Each structure stands twice: as structure tokens, then as C-alpha cells.
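One-letter residues, chain by chain:
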Amino acid sequence: MPPRARHYRSPMQGKPELRKINPATLKRLFTYLFAYKKKLILVVTSIIVSSLTLVISALFLQVLIDDYIAPLLLQAEPDFSGLLRVILLMGGIYATGTLATLFYNWTMVDIAQGVLKKIRDDMFSHMQSLPIRFFDRHSHGDVMSYYTNDADTLRQMIAMSLPHIVSALVTISAVILSMLYLSFWLTLLVLIFAFFALRVVTHIAGKSGSYFIKQQQSLGEVNGYIEEMISGLKVVKVFNREEAVREEFDQKNELLGYHAAEAHKYANILMPLMHNFGYVLYVLIAILGGVLAISGAVNLSLMGSGLLTLGIIASFLQLSRSFINPLAHVTQQLNSIVMALAGAERIFQLLDEESEADSGYVSLVNVKQENGALVETEERTERWAWKDPHHDGSVTYTELQGEVRFHDVDFGYNPDELVLRNVTLYAEPGQKLALVGTTGAGKTTITNLLSRFYDIADGKIRYDGININKIRKSDLRRSLGMILQDVHLFSGTVIDNIRYGRLDATDEECINAARLANADSFIRMLPQGYQTELSGDGNSLSQGQRQLISIARAAVADPPVMILDEATSSIDTRTELIVQQGMDSLMHGRTVFVIAHRLSTVQNSDVIMVIEDGRIIERGSHEQLLEEEGRYYQFYTGAFELS
Amino acid sequence: MIRRLAASLGEYRKDAVKTPVFVMCEVVMEVTIPFLMAGLIDFGIDAGNMDLVFRLGVVLLFLALLSLFFGVQAGRSAAVAMAGFAKNLRRDMFHNVQTFSFANIDKFSNSSIITRLTTDVTHVQHAFQMIIRLAARGPLMIIFSLSVAFSIDSRLSLVFLAAIPFLGVGLYIIMKKAFPVFRRVFKIYDSLNRIVQENVRGIRVVKSHNREEYEKEKFGHTSQAIFNDFSLAEKIIAFNMPLMQISMYVSMLMISWFGARAIVASGNNPLLGLSTGQLMSLMTYTMQILMSLMMLSMVLVMITISRASAERINELLEEKSDLKNNEYPLFKVAAGEICFENVSFSYSKEADKMCLKDINLTIKPGQTIGIIGGTGSAKTTLVQLIPRLYDVSSGQVLVGGVDVRDYDLQSLRDQVAVVLQKNVLFTGTIKDNLLWGNRAAGDEELVRACKLAQADDFIRSFPGQYDYHIEQGGANLSGGQKQRLCLARALLKSPKILILDDSTSAVDTGTEARIRRALNRELPGTTKLIISQRVASVEDADKIIVMDDGKISAVGTHEELLETCQIYQEVYQSQVEGGRSIAS
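Heads up: the protein sequence lines correspond to chains G and W, in order. Counting from 1, one number per residue, gives the positions in the first sequence under the numbering used here. Counting from 1001, one number per residue, gives the positions in the second sequence under the numbering used here.
These are calculated hints, taken from the structure and not from any lab test.
Pairs of lysine-lysine, BS3-like flavour, derived with a Cα cap of 27 Å: (1) W:Lys1216 to G:Lys473; (2) W:Lys1332 to W:Lys1364; (3) W:Lys1216 to G:Lys117; (4) G:Lys118 to W:Lys1216; (5) G:Lys234 to W:Lys1357; (6) G:Lys234 to W:Lys1332.
If you want a taste of the chain W side facing chain G, the calculated C-beta under 7 Å gives, among others: (7) Ala1083; (8) Phe1094; (9) Val1200; (10) Arg1201; (11) Ser1256; (12) Thr1276; (13) Gly1374; (14) Arg1413.
Since the model is a prediction, treat every value here as computed from it, not as a measurement. We put the CB at the ideal spot given by N, CA and C, even for glycine.
Sequences are here, hints too, so could you generate the full structure?
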């Protein structure tokens, strides 16, 4: 067995701190965004328009009071037509702003969802090309979290945080500019105040962040514990361990509760803090402005110098609100940006995993005999050949016989730990070949190497005389029907699961395959027969029934060579006998590898090989091996442990 | 449902109530402050009264501090209430799940229990926090702001009476349209996750059948569906902001127009009519009122989204174990005698499909019983009734002459040990796992049990031996090793009855024979039931039960059955024919 990933990592663990944003990740993320360059430019423009509208709206109050209401107050017979004009003008500006808001929200949805779809598709496509080793190293939960947590935080960042930040930046700069137009002194006051406010806020945000990390860690632990104990719930009950399990859960849960409360306490403080800082600033401006206005001090601004009017102070007060709010928003977004970038980094790591190498060029084709020569054909002829294109453009066809030879093969799942040493073996075409040995002896490994799930460290494997490295992986695997130790079924109907073996198989062919696998009778007993929906890896079926379906799946593929790795281990021996007869007739004249733990499964094989410690120590038929009275004999008589 | 969930608030009820109270105080401050600000401008700055500016300024600063205090308190108690609520929900669910019978466990699948304990709690806790923080805030804010606005200028405030329904109806329509789409999105997300999960688990199947392209296509369809529906949902929601802006801008323009006229009419005297300061306050209230409405609509969205989760949590909390402990239970199993009297059993309450039909059977203490039968013949079902993992549908099961339902459940299961077919080891050392059988067991007992189960040898070959760390699910052990550890764990209970449900299937015949011999030698008084597919495992049992389709087809010794029972003959032949000499 290959080594499994040993660590169940909680999805968010190892989240970097605020300051550890990786610029390379950011850059790469932007390359995804830049696929929407034109749309992005439009979005930024619209955000600017929309934010400016907000700023203008704040400035409008000053214009309204100073330029319209104040003069009107002095007129004996006020003329409101000017006022009406400016209000209509503002209406136009507001309409534009509103449209811009709608437009950028809509476009941003397209961009965010588009980027996400692209990333998801890229991840999945890339994952299909990864070697089995990758899946050995990563737990399922780990891989799932790329698609759920990581992708989701990323979507939120693109769809929400980015526009918020752009808009906040635009607003803040516009507000500062407008403030400068109104009064230097008051602006200075605002900036100094903002500086101190930000220091307080980032301090609290940092505190909150560190508890959020702890919260994610304890959440990972609690969830891991839940997963393990719920999966083993029946065992817990059989051993009356409920009390102990409850106690341990309570401990972990208590810690999670504490961390969650602390994290949110600090996070919840942020908004009221910013809000009330806004009021304080408001009062400060009013007092300073009032003092300046009443004392008649000279007001310096980008417009020149003059008196500080009531309108200016009023506008300034309004502006100060537009200044604090976006600032509060930015601080709120910081946490989510850091989390999203951590997710993006993990996603990019997945995309950077090296694909399964395939330098093969020999392909598998159906052939027929014409005038004594093999001719390639599209038909399903039950005859296959390896098509080997040469440099000079000519092509040789080698008929597929199913001859497999291992020459001095060395292999280890870890480079420093060889599982197979100097293995030399051969399977003659049409033979049924069995591999027998203790657990860890390397039986499954041999089939893993033949299918090139893993590549050998040293030696050579030849298939019909061709080095398997020259054969395209997809064609190599197409030639091998594999029924694996662990059965996996997919959500969908029973017949779809059988058809997985050959997608263009008709219903009739699938049913025939099921008959051959002796699965037909129980399938017909299912509520909807072949159309019964399976879910959750077919967990409504017994292990034996699942194995029968997986045999049918391989049978419908009708491959030239078959590998049965403990394919019937959970099927009772009577049924196994029937299945075996069916398989034998299907595979008559073709090469079959059988790995089994039950000796009754292998004893009618042409050749039985006994593997021990990564070496083949015996080879022969059942009778020959019994006569030799070697290890096989010991297994058979129960004198030696075979587990 | 609400009441059931609210019960989980427990000791955090206080914080949950405190939050809206503090929020209320905060709202009062937020409404008062702009009102005073107007005064500051009108009577202070405008009138050139610096004294008043200072005095009002100090009052305002004080109020801001007060408002900050309330805000912080509200935030803190909301955080405590939320975290505590989530904690208690998890605890209550987890504790309730521990009381489940096997039938309850079967009803909910493992993955659905896990989702309820994890994702669903997260959804509900976020919605809960939003509710206690914002649900009080929104309406309060609207009412306060409206009344203050009306007190400033009742005619101008009529604008709000037009704006609020407009925005309210608009938001309602948006939510109504968006919600079903969001629901669809969640469903598609589930299937996306399922596809990835199945792909990862079955990657060898995918690769060996060259189905990479097919899988990509399958994933691509779902990915596209998410793109379509999620985009649609978000585009509908995207109307929120512009709608809000329209209401806000139109209200502001109307207030500007009519306000300006009113100010001119009153000569900017707040006593005679509207003043500029009051106009500014009105503008602030406009923002506050409409923002509050927006917030309310967000709360509504959260509630609707989390409703499904809340229902699922509730289901788990409401589920009661269907195994009742006897009021005056027996604690001691007298002897390992087992008796089935007219037992029928069905997994579902509707009794149309009986798994066991009219079983009558007596097993004497200390006997070794083999059970054999094809896939689906109800071998496992039969033995699960003995430790009362399920209750019979009719008839009764007696252990030591007493109906199993009259025993204390825990005592019964301590004295009837079953090694399940799908067995599980847990993260921890070998010793930790063994101690599950008997928490008080000393090292010697552990070693003895492991020797009996033929596990001692391989344990000693591990680094750390009995302290060797087992990964989740026993991933770093071979199948045979796992089974032998599970057996040793059960033996540590020193049970009166020991049930092995195909629990040595991955152990080779030689070792298995040694296990059987050791059990017979060391535990002569223990009744042993062995389910197996191998004839060799049961052939020297005192009695062999042949099961077929939920019924006992035959009972007898190996020799008797070979003579009389056709099924047994066939099984025997399928395993022994072909030259297998019974040498062991």
C-alpha cells in the first residue's frame, strides 16, 4: 500500500499574518483578472463615477446653502428658478451615478464568477492530470477545501472587497481633494485625526485576526473530532464510550467557543469605534470651524483665501462623514483579503503540482486482417494492435498479445524504501497469472507499475515487446481492464455506473455485462432495477454487491488484458465461482492477472507466483507448487501466515 | 422550532437579551447626536455663540463616548452570545447523537450528521448574530429617526412616507426573485462538491478507465451551472444598491427643493420654520432611515438562507432514541445463554419487508456457534439483536433467560461483546484503542488479550510497541492487523458472550485457526458466535447455523450439515473442491 496522507489539516490552518501577503500570489491572481481587461477598465471608471457622485452629493449641501439659500434669503421676492435648475442638474448627476453603480455591480458579478469558474475548471482539469502520488499525499478533505473554502473566500474578495476598496480609495482621495478646496486647516485636523484613528483600529483588527486564526484551528480540531467520532459512532455505542467521547468533545468545543467569542468581540468593536470616531471628528471640526469662523481667521484653501463661511463648515462636516465611512469599510475588508490570498496561494500550489509525465507515442488501435497484413480499422474487431509511428513516417503494427515482462524492476513509494527489488517476471499471452503473498509483499504494486500509476525506479517493463514508457498512458490503460481492491461507484444510476467502463455501450451490452458478473439478479431486485440511483459511493449496497457492479463495469469495457486485484474478496464463495466462470469465458485467450488473498480464488490459474519481500520466490501451477512444498504449500496448509 | 433552538442558548440567554438593549441605547445616541449637531450649527456657529459651541461640543463628545460604550457592549455581548449559542448547539446535538440507537444512526447518514454539526451551525450562528445586532437596530432606527425628522419638519418628512414604501417594496421584490435562485445555487454547490469528492476517491478508477475527459465534462457542466445561476442571483441582488441610491438621492433632492423654500420663507429662523442646520440634520436622517431599511433586508436574506440549516439542526435535536432503558433494569447477565423466540425483525417501521422471519434458536452457555450464509441472508442482523443494537419487531430475544429489554443497556453491551464487520480504530496509541474495551485494564491484561487475538507479535514489531500511534481509521495498519486489534479490544471486556461478525476475514487461515484455538482454550465459559464466509472458520463449532434469506435454513454440526444441507454442501464444495486437503 502506498503511504497515505497522515495529516488532516483544517482548511484554514497555517493562514499567514496580515503582513505576509505574497506579492507573487497577488500578481498571479491579477493575471486571471486581466483576462477581463476591458471590463475592468469600465468597472473602475464606473466606480469612480459612482463614488464621485457620493462626494458631489456631500458638496452639494454647501452649494445649496451658500449659493442658493443664502442669496435667496436676501431677496425680497425670491426667484427659485436657479435653484430648480441646480436641483435638476443634480438629479442628472445622481441618475448617472446610480446607473454607474448598477453597471459596475453587474459587471463585477460577471468578472468574479468568470474568474472563479476559470479557476475551478483549471483546478479540476489539472487535478485529472496529476499522478496518483498527489492523491496519496493529500487527504480528501484537504482536496475538497480547495473547491469550497479557498474558492469561496476568493470569490468574496473579488466580488466584494475589491470594488469596496477601489470605491473607498476613490472616495477618500476625492474627499481629501474637496476638503482642500474648502479649507486647509480643517483638512489638516481631519488627517491628523485619521492617522490616530487608524492606529487604534489596526491594533484592534490585529488582535481580532490572531483570535480568528485560533478560532480556525480549534474549528478544524472540533470538526475533525466530529468526523472521526460520528464515523465510528456504532463502535462508540458498542463499547459504551458515549460518556468519555462527550467529555472530550466538550473540552474541544469549549475552547472553540472561547476563541470564537474573543475573535468576534474585537471584530464587533471595529464598527462602533469608527462610527463614534466620526462623531468626535464632527464635533472637533465644528468647534475648530466655529472658532475660526467667529474669530474671522483667514481661511486658506485651493480656491485661495477668504472667510470661513457657515456653508463651508456645513459641507466640511458632511464630507467628514464621507471620509470616515469608507475608512471603516477598508479596515473591515482587510481580514477577508488576507484570508482570500491565503486561499489563492493554496489554489496556485495545486495548479503548480507537476502533471503526470507522458512521453509515449505508441497507440492502441483496433485492427483486422487483410491480405495477410494487419490493417487499422474503426470497427470493434476484438483484435488490437500497437501502432508505432517511426521517424521516417512509416508505421508498424504489432498485434496485442498480452505478453508482459518485468526485467530487474526496482521500485519504492519512497525513494529510500524499496518495495520491489530486482523483480523479473513474465506473463505469456493468454495466461491466467496469479500473484500471492503476504500484505505489503508488493502484489498490488506490480499492477500499479504495469498501469504506470507509478513509474519504476530501475529496470524495464515490456508489453508485447514494447517498453511501456513508449506507450501513451491512455492507450496503455485502455488495454488493461482493472478491477481494484477498493470499489468506487459514482452518483448516478446503476446502469450508468456499469457504462463507465465504455461510454458508448448500449443498455443491452451493460445488462449482458451485469449478467456475466452475476449482478443482474440483485440489480433487478433494486427498487428501480438498473435505473436505481446510487449515492454516497453506493452505500445502500453491500460490499459484495458493489464488487459485482465493478466487475460488470470492467466486463463492459471488454479489455484485452485484465487485472483483478482482490476483486471478489467480499463475495461469498458460491457466487464467486459463478462470477469466475463468467470472467473466464469472457477472457478466454486473453491475459489475466489475479491478486487474491483467498487461495480458492487463484488455484485454477495457469501460473501462480509467490511474492515475498518484494521478490518472486516461487512460480508454477497450483499442483507444481504444492509438490514443491515451499511457501505456497505452507500458505495452503495454513502453516504460514498470509495476511 | 425556534423554541427548541432557543433552549440551546442556555447560560448565554442573558447576553442575547443584553445585545438588543445595548443596541437600543446606541440607536438613541445615534439619533440624538445629529439633532444636537443641528443645534450646534444653528445656535452656535450661525449665531456666533462660541460659548454654546463649546458647551454643546462637550455634551456631544460625552454622548459619543456613551454611544461608543454602548456600541462596544453590544458588540461584546453579541459575540459572546453568538459563540456561546453555537457552542451549545454543537454540544446539544453531539450529546443527543450519543444517545442514538443504531436505528437512529441509520436514519441520518454519517455525512448528514457531520454537516449538521459543522456547516449548518456556522450558518445559524452568523444569522443569529445578525438578528440580535441588526433586527433590533433597523426598526428602532427607522422609528426614532422618523419621529425626530417629523418633529423637525412634519411636512418635509412626508418625503419619507413615500421613500420608505418604495424602497421596502423594491427590496421585497428583489429578495423574492433572488431567494429561489440562491436555493438552486446551494444545491448545485452540493453536487459540485459531490463530483469532486467522488473523483478524488475514485481517481484510480477514473485513470484506469481513461475517464479524465469525461470527468472534466461532468465537472464543467456543474461549474457552468454555478456560473449561470450564481451570476443571476448576484445580478438580482445587485439591484439593491441602485435602488437604495435612487430612494436616497430623490429624497435628498426633494428635501433640498422644499427645504430651501421653507428656509427662505422662515428667514432661516428655526423658531419660525426650517433652518439650514435642521436641513442638514434631515439629510443625515434620510441616510440613516434608508440604510436601516437596507440592513433589515439583509437580515431577512440571512434568515431565509439559514432557515434550512436551522431546520436540519432541529431535526437532529428532536430525534429521540427509540431504545428505552427499562425502568427497573437488571445489571448482571447471569449466563451466556441465548434464546430467540419467534423473532421477526425489520429495519423499517413499515413491516412489509421482514429481514428476519420467525427465528427460534437456543444457544447454551459456553458453546461455539458458527453462522454461515450468502450475501444478504441477514447473518449480521441476527446477531445485532443480542446486544440490543436494534429492538425486535416481534417475538423476544433472551440472554441468560431474561429479555434483553429488561437489562440496563450499558451493562448488557458490556457483557455481550460484538466485533462489528465495519470496525473502526481511532486516532491515538494502540493502548488508547485497547482501553476502549476496559478502561481499568492493566498492561498485563492488554498483553493477554492481544496474545489471544494473535496481535501481540506484530505490535511488538512496531516502534513504540503498545504506544505506537494509530492514524485515523487505522490507515497505517494492514486489514488483518486492524481486525486483530479490534478483536483484542472486544476481548478486554471479558464478555459473557462474544460475537465475531466476519471479523477475521482479512486474517489468513493459519492465524485464524490459532485465534479460534486460543479462544476455545482460554475462554471456555464464554459463548462464542462466529459469522464467516469460510467453512474452515466454523467447521469445528459446536453448532453451525445456515442462514438463507432471513430464515434459519439448517442447524447442525459440520458433519450433519454436509449430509443434510444442500446450501452448506455447495459452500463447502466451492471452497474445498480443486484439491484443497483439510490439512489445518
